[in-house]
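Novice: So you can see what is in the structure, the chains are spelled out below.
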Amino acid sequence: MWQFFHKLGSPKWFFGISTRFMPWLLAGGVLLLMAGVVWGLAFAPKDYLQGNSYRIIFIHVPTAFMAQSVYIMMASAALVTLVWRMKLADVFVKAVAPVGLVLTFLALFTGAVWGKPTWGTWWIWDARLTSMLILLFLYGGVIALDRAINDEKSAARAVAVLVLVGVVNIPIIKYSVDWWNTLHQPATFKLTEKPSMPAEMWVPLLLSVLGLYLIFGWLACVRMQTEILSREQRTRWVKEFVLKGRV
Amino acid sequence: MNAETRPAVQLASSSVGALAAMKGVFARDMKVAFRQRQDLLNPLLFFIMVVTLFPLGVSPEVSFLSQAGAGILWVAALLSVLLSLDHLFRHDFDDGTLEQLVLQPQPLFLLILAKTMAHWMLTGLPLVILAPVLGVMVHLDGNSIAVLCLTLLIGTPVLSLIGAIGAALTLGLRSAGVLLSLLIIPLYIPVLIFGTGTVAAAAEGAAVGAYLALMGAFLMLALTLAPFAAAAALRISLSNG
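Protein chains in written order, with our numbering: chain E, -16 to 230; chain P, 216 to 456.
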């Protein structure tokens, strides 16, 4: 157990192991996402109320879902950075913050595209939209702080403090805007309840969420590997890797 | 800055209790601030000017101002606290006082709490005192003004406490001011929502007890957690230089 823990902290070990399962993550992710999106866009039944315009749900929900879970993953990694000073954890935070930003932006954008035919407006100061917008600001702040500090170690720890403060605030922000003003429909998936839509709709949705998860995993690995190579460029194994093409 | 205006912190002995140390830090910050009175006035002037911009820029109509007044005052107060945050640690950082504070045997988070309380006394409290005057100028009725002052009284310490985290994180960075705003404004949003929400509820004649209780909960949360985060951030920023 402890050996595994120590290995997990070693960038070289991570580099080797991630290279091995990255193709699987990518292949699985693309397959699931394609299946989910094609099924959802072309074969799933029409919504009785919204017609075809609801189909953007197969892109909107996965991105919105990922945008939030990426922040939670970042916060867990930030905690690991502060408590155990594990190198990989702060590589992870640094690598995925821009991905989270893009996912949040995509969720907001597809939401706006969906809002136009359904609510008749691109944007509305609704609770869910506003809290996603604030999430976008939080990601932006994390990236800005990381770029502003030159020293790698203090940047990592400062960013970790900020991410953790943000995670304390996320429920507060969520409830404050929830009570403030709301129009957005309630959550699509709940762990405790049966989905309120037919299986032909929620199965493809679930597939695309899983697919996006795997693709995110792949993307995180790619970005972490790049970051590791640039941080460890002076070590022998990186030099050997560059010369021979393998670890 | 010369040494006379900035007395040294004197709590080097570990026999000084934490409470006495907090008192020392608080008293010193007040003394330093009163030797630089202009710095105290600037956020207040900024507050008044931002409020002035709204009747001039949007509409001087009584109906608009009495509707939006509470929000305008809250946003202006938020911005002026944000503006003053740069001073919280900056001068102490520049002349090395902050490093001395970190080296004290007393827990750093308590000393930061004392500093933050001094910051609030010097910026937040004057805003609360000034708010009724500006409330009259934006045509709020008496009841709304009273509730507004109460929300500012509970809310501005939260702004100072959360702001301390941001100030500590951005200490010694280039373009720290803009970065500080980017990091802190998202965290200020809940306070703003409930602050203005309370006044809106009061204007409709609804009960404000629940709103005030929630703001009180924010204050408790910030009071207990923010000093720890600020202390951690401060240690990081100091080890950076």
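Read the hints as simulated data drawn from the structure, not as lab findings.
As the structure is a computational prediction, the values presented were derived from the model and not from experiment.
Some hints here could point you the wrong way.
Distance ranges between label pairs, derived from CB positions [as the list claims (entries may be wrong)]: (1) P:420 with E:105: 33 to 43 Å; (2) E:108 with P:357: 38 to 48 Å; (3) E:209 with P:439: 13 to 23 Å; (4) P:282 with E:34: 49 to 59 Å; (5) P:273 with E:103: 22 to 32 Å; (6) E:99 with P:250: 50 to 60 Å; (7) P:282 with E:209: 49 to 59 Å; (8) E:10 with P:311: 16 to 26 Å; (9) E:-4 with P:454: 54 to 64 Å; (10) P:454 with E:205: 30 to 40 Å.
All C-beta atoms, glycine included, are put in the ideal place defined by N, C-alpha and C.
Novice: Against each hint, give a clear statement of whether it holds in the structure.
Specialist: For each hint, the structure was consulted:
A hinted range of 33 to 43 Å for the beta carbons of residue 420 (chain P) and residue 105 (chain E) is consistent with their spacing of about 35 Å. Restraint check, residue 108 (chain E) to residue 357 (chain P): a C-beta distance of roughly 29 Å breaks the suggested window 38 to 48 Å. Checked against the hint of 13 to 23 Å, the pair residue 209 (chain E) and residue 439 (chain P) fails, with Cβ atoms roughly 40 Å apart. Restraint check, residue 282 (chain P) to residue 34 (chain E): a C-beta distance of roughly 38 Å breaks the suggested window 49 to 59 Å.
At roughly 26 Å, the beta-carbon separation of residue 273 (chain P) and residue 103 (chain E) lies within the given 22 to 32 Å, and the hint holds. Between residue 99 (chain E) and residue 250 (chain P) the CB atoms are about 58 Å apart, so this pair conforms to the stated range of 50 to 60 Å. For the hinted restraint 49 to 59 Å between residue 282 (chain P) and residue 209 (chain E), the CB-CB distance of approximately 52 Å keeps it satisfied. Between residue 10 (chain E) and residue 311 (chain P), the C-beta spacing of about 57 Å breaks the proposed range 16 to 26 Å.
For residue -4 (chain E) and residue 454 (chain P), the Cβ-Cβ distance of about 28 Å falls outside the hinted range of 54 to 64 Å, so the restraint is violated. Taking the beta carbon of each, residue 454 (chain P) and residue 205 (chain E) are about 31 Å apart, inside 30 to 40 Å as hinted.
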